[in-house]
Each structure stands twice: as structure tokens, then as C-alpha cells.
Amino acid sequence: MDLVKDAETATSALTTMWTIRRFEEAVDDLFARGLMHGTMHLSIGQEAVPTGACLALREGDYITSTHRGHGHCIAKGAQLDRMMAELLAKETGYCRGRGGSMHIADVATGNLGANGIVAGGVPIAAGAGLAVKMRGQSHAVLSFFGDGAVNEGAWHEGVNLAAIWDLPVVFVCENNKYGMSMSVNRASKVDNLADRAAAYGIPGVTVDGNDPQEVHDAVDEAVERARAGNGPSLIEAVTYRWKGHSKSDKNLYRSREEIDSWREQDPITRFETAVLHQQTLTESELAACRDAARDAVRAAIRTANAAPDASADELLSAVYSGGKQ
Amino acid sequence: MDLVKDAETATSALTTMWTIRRFEEAVDDLFARGLMHGTMHLSIGQEAVPTGACLALREGDYITSTHRGHGHCIAKGAQLDRMMAELLAKETGYCRGRGGSMHIADVATGNLGANGIVAGGVPIAAGAGLAVKMRGQSHAVLSFFGDGAVNEGAWHEGVNLAAIWDLPVVFVCENNKYGMSMSVNRASKVDNLADRAAAYGIPGVTVDGNDPQEVHDAVDEAVERARAGNGPSLIEAVTYRWKGHSKSDKNLYRSREEIDSWREQDPITRFETAVLHQQTLTESELAACRDAARDAVRAAIRTANAAPDASADELLSAVYSGGKQ
Amino acid sequence: MTATTDTREITYAEAVREALGQAMESDDRVFLFGEDVGTYGGAFGVTGDLVHRFGEDRVRDTPISELGIVGAAVGAALAGMRPIVEIQFSDFTAQAMDQIVNQAAKIHFMLGGAAEVPMVLRAPGGSGTGAAAQHSQSLEAWFAHIPGLKVVMPATVADAKGLLLAAIDDPNPVVVLEHKLLYKQSGPAPQEATRTPLGKAAVRRTGTDLTIVATGVMVSRALEAAEQLAAEGITATVVDPRTLKPLDEQTIVDTVTATGRALLVQEAPRSGGFMSEVSAMLCDSPAFGYLRAPVRRLCGLDVPIPYAPQLERAAVPQVPDIVAEATKLVREW
Amino acid sequence: MTATTDTREITYAEAVREALGQAMESDDRVFLFGEDVGTYGGAFGVTGDLVHRFGEDRVRDTPISELGIVGAAVGAALAGMRPIVEIQFSDFTAQAMDQIVNQAAKIHFMLGGAAEVPMVLRAPGGSGTGAAAQHSQSLEAWFAHIPGLKVVMPATVADAKGLLLAAIDDPNPVVVLEHKLLYKQSGPAPQEATRTPLGKAAVRRTGTDLTIVATGVMVSRALEAAEQLAAEGITATVVDPRTLKPLDEQTIVDTVTATGRALLVQEAPRSGGFMSEVSAMLCDSPAFGYLRAPVRRLCGLDVPIPYAPQLERAAVPQVPDIVAEATKLVREW
Ligand SMILES: Cc1ncc(C[n+]2csc(CCOP(=O)(O)OP(=O)(O)O)c2C)c(N)n1
Ligand SMILES: Cc1ncc(C[n+]2csc(CCOP(=O)(O)OP(=O)(O)O)c2C)c(N)n1
Ligand SMILES: [Mg+2]
Ligand SMILES: [Mg+2]
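Keeping their order, the protein sequence lines are chains A, B, C and D.
Note that the first sequence covers residues 15 to 339 in our numbering.
Note that the second sequence covers residues 15 to 339 in our numbering.
Note that the third sequence covers residues 9 to 341 in our numbering.
Note that the fourth sequence covers residues 9 to 341 in our numbering.
Derived from the structure by calculation, the hints contain no laboratory data.
In this text, all values refer to a predicted model and were calculated from it rather than measured experimentally.
Yeah, the Cβ is synthetic: ideal placement off N, Cα and C, and Gly gets one too.
It is possible that part of the hints are untrue.
Here's a subset of chain C near chain A, in silico, CB distances under 8 Å, partners left out [claimed, not checked]:
#1 D65
#2 G76
#3 A81
#4 G121
Here chain A stands alone, though its shape is the one from the complex (with noise of 0.2 Å):
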């Protein structure tokens, strides 16, 4: 699938980002306004490693997503209000409210959920490649986690089981250099986090996480390889995220500078800048996109907006499932 040349593609691919970025940009307003509650996340800077994932996936896969999944979450085909309503405390939220950012799921796209846990996807994504192929199915698992849950042992005894089963699972790393404001380089002496690979005699390969295209090519070939049975992979894409890891962050831990060399690697606008070159798309249609994005995210928070708050009168029948009729 070429991101660049093909126009639907391009068109797409760009609408995801910059629905991603304005998104965060809309979100990242309402907490500094005091209109959003809780904490948050953004992953600002970083959407080309769900869009281009993402579009290697299709119907019936899945994927586990992180504390920082706004942009999974979107890729994956999310709706915009109701994720809009879920940070907005409402009940028309994806989570009725009761999760907020973090717990964000939709389960009917194949999105198994955000997870406020450091690598608490990994091994879930085990469990749901290893359902797939027990059934016999090709779909795939597609589990996103930071450069900072690779140290966590979920991670690695979940990796260990779908590289032992062969199971259809695609690990993507998104290494944004920071868990929190422990780099990278602190928190493990390997020098690609994709050469942890080897441990598990899995493939590994890492990319340029700025790059949809690049993210999309190495995803595909392993979702590829999941569906044919041959087991996981390991991706890392290294790439950025130009805020703080939350609120509470003062960005103590990296420079001025280094941010802005990282915002001069936009990927959006390296993104747009291949698309113009190779003539796939027009300025106008730059723009259009854009525009779109920016109008389906004002149109979500005024949808959430209006919506009724969460309730808390059923809170104690919720805990318990009664059973899917």
C-alpha cells in the first residue's frame, strides 16, 4: 500500500493525522480550561505510528492500546463524539464515563481498550492472537505499547507466549525516547529496543516512527506473517512526543532544543510535504483534509457537549457482567 502516491490513500492517512492532532490540540484546550477532568495523555507528534499501522489492519482484527491511545483509538475507527464524550465525564462516552481517557475501548472495531497499566496490553494481545488462532481465524492482533513497557515483565512473558505459539500478534513499540522522564538510553542498554526481538526468536526491525509509510511497510509485512500462521513480530517506530508526558510534567529531564529538532520532524507536515512532492495530492487537498479533521473533532465535542452527564445511580449493577444475550 503506498501512503504517498495513492491518492485515497494519502487522503486518508493524512485525515487520520491530523484528526489525531486536533483531537489532542482540542483535548489538551479543555484540560488547560478546566473543562476535562482527570489526566491525560497526548500523543502529539507521534500519529504517524497508528495511522500507518492501522492501515495494515482490517475487519475482525485487534488491537491493545496504551495510556497514551488517543491516536490508536482514532486509527482503529473510533468515533470521535464518543470518545469526546467519555473524556467529557458522559454517559454517551465509550466507557459510560467510568474509564475516561485511559480505559477508552471499542470493542465492536477490534479495539480491546487503552490500558493505564505499563504493558498491561502486551500479554492480553497474547490472549487475543491466541483465541484467533484457536479458532482457526487470520485476523490479526495488533498491540501497541512505549519504549518504557519493555522493561515491565508483562512484556515479556507476553511476548514469549505468542513467540512460543506462533501466535498472530504484531508488538509495536512506539519509542518516543521517554518512559515518563526516564530515556531510553537509561533504561536499557540495548541499542534498538527491536533487538530484544532476538530473545524471543521473533523478527525485529526498527523504523522511522515519523514515517507512516515506513511504520505502514514493516507492520504490513508482519501482519502478513501473523495471518499466515508464522507467528509475531517486534516493530519498534521511533518517534516523539512533543508535550509532557501529562499535566504534572514540567519537562525537567529533556532540553528545549532537543523538543524542537523533534518538532522540525512533524510527521504530519513530512507527511504532507512527500505528498505535495510526488503531486498524489493538491494544496487545496491538503487543506481539505485539514478541515475535516478540524470539523469532525468540533463536531464531536459539540455532540459530547450536549450530551447527558454519567450517571451514578447504577454504579453497584455495573460491576458484574449478567451475561451477553
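Since the structure of chain A is provided, determine the placement of chains B, C and D with the ligands on it from the hints.
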């Protein structure tokens, strides 16, 4: 250190191996005759690993051990009578009868303890290494664990911590081919478990675990590296357990032939043959080592049997430390 | 549990195995995994020959990675399967607490009801085998404190089967705490796949002087103690909650109301154990007004389980302890 | 805590930091590690500038590996250091339960007294920040159930400092459960390194109509409620256990004996929470005979903590709930 050619070292190594063997044969027998309680994990067939490894240690060095820890304990210099007393639930046992086989420790000789939790000792070893390093000492910490342990999250996290902080820890994997019934080939996809070292940016090497010299050389080099402040290493010593995993084992997961072929690789016989071949020791000197081991174990049983049974009187006051004086 | 025509004597371990087999036979989505559950037949022989009946795919050996295993069960359940996980000793749930508590228990609620996690975690607890402190804990209080989990402790052969079948049916994560000492015990159980409903206590015996509430291996000890007490003219009602979460409070309240005295017996250490919850519940229930004596707990000592047999026995309630405590409670109040 | 001349107002977070600094100053063996405790200054800003004062060696950032971190603390303690571990949210102790419970808590006993594990694990618990179910739990009951652990929950600024200092001195593993909502609260604390002894409850206020026992953030809510109750002519004794394990049972028994009524308030879900232990203890104590009313618990709902602010508030006791419950207890009994 030449274990085979130096008479004193050869005598020491051989006596240690025989002591482990005889000690465990005695334990096996006591269990079979219903004179010993609980459960037990015998390392018969694996004696070369602790023997070769601990010869690289000196006073002030630490070890962490496992459920299959009698050999480590003996090789690190524990008193046989206090070990036996512990197994026989005596007040004079290392743990005053409170720990049993899986918890024998001998803090005085630097043995921080067997561990009933697979991989439980691995992060503990990292922590001991951290203590050594923070105090600017040149001690080493040797952490024993099995092939089954390397798939635990605790192992991953512990090794990574040691790696990033260049802690003076030597990780010794006793790969006896099975974690209980799970063959090492089914539990992971790497050819050698030592390959996992690469995931932490530390050296890894696989050696013949039935050759105390090979084990020693690898551990010695790693210990020197550790003392010099150059960080941890991973050593995989390939060996085999002759007996079942524990008393409940029916050996359904491996063949008689496999067991027999490994019995032919008896590390003690091999070492004796080598020592004879090199004319380091005579037949009668070998016999003396054997006898010394047998006598020491018999004496330990006698001493232990004569000791008072562990007392239940002070259970409640034994839970918390009142502080060292 | 009503007696059925096809009831016969089997062991507790066989009952568990039979339930597993029947569940796997009747539902393709049910599968079993854990350390050494395949060829080895399980550390306590519970899974036995199931691997030969259902294959290595559905009776799946795992590496030693409890957190990963439970996490994989969560994922498989989310993706529509009905996984059953065996953790060799309940002590090793400590390794997996994140997936049990932060994931399995919370997902249904946290996702606003959009997903469910129908999985079963089986693990043997308890002391008495000389396995010492890291292999002998009774950790039911941990799980019973977590909203979103259901917790059962089968104390009889029939319940080992019936509660497990009900747990497998349940659309929520259920922790099934078996007991090592019970595995070899024999008792009647129906051949057919009869469910013991979750959330219903069993009154194992009826008396007038006191109510003994006991869980796990303490149920049979309480019954034995009740026999001996009867010989001394003290008759006891013995209640086995069976399900700890959700707890059948009504049965406990009713029986204690009737007898006016309650002795709560558990193997776990007293402080913060499950029986503290039962006591607190009673003391703020309608039974409070009928209490003729303080609600007494007879529990394991607040110590790690020691290795030496005489110490291990001293650490948890034995039949004579129950008899003595019950006698005191009745005679003194 | 007797007022000293050098007492001034600082925040709870500052009090913790001051204790850490003083302990590190006076004992080389004391060091601090955890995720983002260095340059970042801690997820809640507690460690602040300590890394600049003591260097990266003694205020050590770690990778995200809670189990490894706690295990390393156990090892360092065994090898003679006095490590202090910070776990960012107490929910993540789930990752480390094996090292906390199977190792740290048991080693001293299991090894027959031959070793000790003098370490401190600090972690903030509680809800109220909109962080939802995986970042808001109150898990004190888990730890208080485990023989070998000590557990403290500082509720005031002075205790945040004093209990931590005592915990660092202690030769046993101590779990210090701080509260996120308290970090920014100000209050008096002595400048000098005054210890609050472990195992001693504080009577925060005295009254005659009922005793309110509360932990963590509920202590200040209980005090606020007691103010309001006083205006309505109901006077309450408010007891803050401070140390949950070992529990100062005597103070609770004495104050409840004096008032005849007990209201136990915790943030954690009711079922199997720490207050169940307090209730059970009271109901089998000499206070039982003096009870004029059932021992009542006012607890968090048995639900995971929800995200939405109005739901989150509804899930745990608020001041008006305490007032209402206390009033009911006094008026109806
Ligand atoms: C088990 C666990 N430990 C710690 C945290 C706190 N925490 C949340 S995000 C984060 C950093 C994660 O880093 P990384 O995996 O690189 O993801 P990123 O935030 O960079 O996207 C930390 C430490 C957590 N949520 N879960
Ligand atoms: C955390 C944990 N999981 C499971 C067990 C049960 N168990 C004890 S030993 C063992 C096998 C260990 O295999 P390995 O590490 O290869 O050591 P070996 O027994 O071969 O010496 C298992 C599964 C345990 N003790 N701890
Ligand atoms: Mg990161
Ligand atoms: Mg092995």
C-alpha cells in the same frame, strides 16, 4: 584455576560434588522412608554447576539460590548438619525448622537464600549487587536459577536492572532442559538461553554444565568482570536432573533413554576420569574424597537427628525482627 | 445440591477434572492452560489425562509466567473464548495480581459494560503439606476485597465440581480456590454436569447452640468438631459460604440469629482475613440484636506458614481447637 | 506528637521529602529509588529536589519494572542497606506483590530470624483525581493481612514525616500508604526528625456520643464531620489508627468502650476492607459489652473507582455521608 590439574583444587571440587551427591541421596532416602516431611527438589546430576561456579567466589561474595538449592548451599560452604537439621525440622536447622529445603539460607557465608519462587532470587541478586556497588566494594553476587526461570517477568526485570546499572552480578542459568515438565524448547524459541543476554546488552555464554572446569572458567571471567565494575553476565550451564522434579513426578514428559544418556554424562565420573587421566589424583585419593563426603553426610544426619525438634512456642514472636544488636 | 441417581464417590481432584472435561466437551470456547497441566497432569494431578482427551491445544502447557498466562486468559476471554487458568499454588497469584485485579476484575465496569471477561482462575491454597511459607498461603481475602471478581472455595467433592461448572458459565472472572489437602478426599458427586449456583451458602449441619461458619478445609474440620461437640451436648449449625464473593449474607445472618452465637473459622491469618468481613457483616446485621456472645474468630496465627510439621499444625486451626473454642463460647456466654 | 518549638506549616509532600532527606543525611545506608524519583521529582512531586542534594546514586531513577525494583530493595536490604522504594501509584504494587509478600514479608521468619529486610515501600493510594480504576485503589487491606509486613497510613502532615522516619528505622519491611489528595495539604510538622512511633493510634478529637475510626484521607473528613455534628449536639471521638499493622487495638477498644458506638470509615470498598478487621476486633473485645449500637462501617462502594467526577465522588464517603451516618447511628440507637 585448574580444577583438573591442581591436586588441591581437584580434591576440593570432587569432595564438593560428592558431598552434594551423597547429601541428596540421603535426603532422597529419608523421604522415601517417610522420615522427612514436605517436598524436595534434588540436583543429582547437576553437581558440576554449583561446584565450578562457587570456586570463583571468595569471602564477602553473595549467592542467591533456588528451590533446587542444596548444591548451591553446600558449594558456598554451608554446614551440612545445620542443613540436614533444617530438613529434619529441627531447632538447630538453618531456619529453625521454619523454612525447610526451599528456604535454606546461610547469610553468614553470603548465601542469601534458596527461594520457593521461580526467579524470585534474580531481582534480589540485583539488589545485593546494588548494595555492593553503592558501598564501593568489589564483591560479586552469583544468582543461580533454572531454565524455567528465564520466562518469568522477575527474571527479565532483575537482569535488566543489573545491566543498566553495571551491577556486579553473575547470572547462572542451570539449564537442565526442563522446568518441571516443560521442555526448554517448548518454553522459548531461542537456541541457547544465553542468547537472551543480547536483550540486555550484556555478555552471554553457554557452557557444558557437566564440566566443572568449563563452568568455573566462564563464571570466573564473569566474576572478574563484575569485580572490575564492568557489569553483569549471563552464563548458561547445560546439565540435566536425573531425578524427578519433586516427589510427585512420574517422569511422563521424558524418556528413559534420555535420562540414561545423561546419566552416562555423570559430571562426577567425567571429572574423576579426567583427574585420573591427568594423574592429578590417584584412585585411592578419589576414594578418599568419596569417603569424606559420605562420612560428612552421615555425621550431619547423626548430629541433626540428635538435635531437638523445632519448637512452636515462639512462632508469633518470630515474625518481626526486633532489630540487630 | 440435590442428590441425583448417578451420584458416586470420587475424589475432589477427580471432580475438578470431570467438571473441566464436561465443560470442554460442551463448549468449544472453553480451554485450559497453565504450568504442567498437559502431560504432567498438573502439579497436583488435577488435570490428569485431559490432554489426551482434548489435545495439547486445549490443554496447554505454559512456560513459568503467571502474569503472562493470566493476561493471556484476559485477552482470550475478551476475544470470545472461555479460558480456564491453573496457577500451581495460589501463592503465585502474587505474580499475576495486576492482570487479575487491575485488568480482569475491572474491565467490564471500566469499559462501561462494553466487554466482559468470562474466565476462571483455579489455584490450590492452604497449608498442611510441609511446603512452607511461599507455597501454603490462604489468600482468599485479597480476592474477596476486589469488586469485579467472584470468589469460590469449594469444600466438598460435589462443590468442587458444581462450583467450577458454575464459574465456567459465569460471564465474569471467577477465582476458584481449591485446597491441596482436599484433592485426595473422596465424596459423592453427580456424574452429570450439575451446577452449584454461585452466591449460595450451604448449611452443612443444624444445631441450636452456635453457628460455625467455615471455609475450605475448615469445613470438614468444623463438621468433625461438631460431631464431638454433639457428644458433649452442644449442637452446632455449620455453614459453608462456598462463594465468598458475592457472599450469601442472608444464610449466615439467619443461622446466627437462630443460634445467637457465631464462631468463624478460617485457615488464613486472623488479621484482615475473610472472617473479619463475616464478623463485621454480622455485627451490622439484624443478627446483632440476637447475639448472646461476641462473634469469635478462630483463625490461622498471624505468621507465615512454617515448614516443620508440628509448627505447621500449630499455625492453623485443628479440630480440637474448634471444639475447645466452641465449648468456651457456649459455656461462657 | 508533642509540639516542638521548631514546628512550622509545610505540605504533606514536603513532610515526606523532609523525612527522606533527614534519613539520608543521617544514615549512609538509606537510599531512594523508583520511577521518575530523580530529575522529574516524583510523579506527585514528592522527591522534588532530593536528587540534587544526594545525587543520582542515592536518588535513583528506575525503568518501569515494579517487581524488579521491589526485589532489588529486598536484596539491598538483605545485603545491609536501608532502601526506600517509591511505587508511583499503589495500584502498581499488584505488579510487585510477589516480592512484597512472598519475599520481603516472609524472609525474616522463614529464615529462622537469620536475616532481616529493613526496607520501606512508599506508595500513594486513593481516589479523587479522576485517574480511574487502575490508579485510584486503596489496597491497605491486602498488606494488613500479611504477617511480616508493617503498614502505616499517615493522615496528617506531621505523621507523613514522623511515621516515615519510624518506618525507615524499623528493621522490618514497612508499607507506607500515602494519599494523593493529602500531598498538597498543609499542616504543622516539626523541623527536627521526630519519630511517630509505629503501632500507636492517635485520638484526634474526643466526644461522648460515638467513636469514629478513620484512615487516610477519611481522617480529615471525619474531623470535618465531627465539627458539623458538634453543631447539632452530637460529639464524636475521632481515632486515626495511623499504623494498620500492628494495630493499636487498645486505643480503639477504649474509645469505643467509652462512647458505646462505633462508626468505621474507610475509602476502600467495604467488603473485606481494613475496617472489617476493626469491626471484628471490636466485636470480640471487651468493648462488645458496652456497645449500644451495631458497629457500623461507612466505606467506599464495592465498585472500581470510576472516572467521571460525580461518579468518583459517589463511590467513596464524603463529609455529608459521615455526618448522616453518625447522626443515624446516634439517633437510632
Ligand atoms: C505498571 C505501571 N507502572 C507505572 C505507571 C506510571 N506510568 C504511566 S505512563 C508511564 C511512562 C510510560 O512510558 P512509555 O511506555 O514509554 O510510554 P509513553 O508514556 O512514552 O507513551 C509511567 C511510568 C503505570 N501506569 N503502570
Ligand atoms: C513463580 C513460581 N511459579 C511456579 C512454581 C512451581 N515450580 C517450582 S519449580 C518449577 C520448575 C522450575 O524450573 P527451572 O527453573 O528450570 O528449575 P529446575 O526445577 O529445573 O531446577 C515450577 C514450575 C514456583 N515455585 N514459583
Ligand atoms: Mg515512551
Ligand atoms: Mg530446569
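Q: Enumerate the violated hints, using their earlier numbering and listing them in ascending order.
A: none
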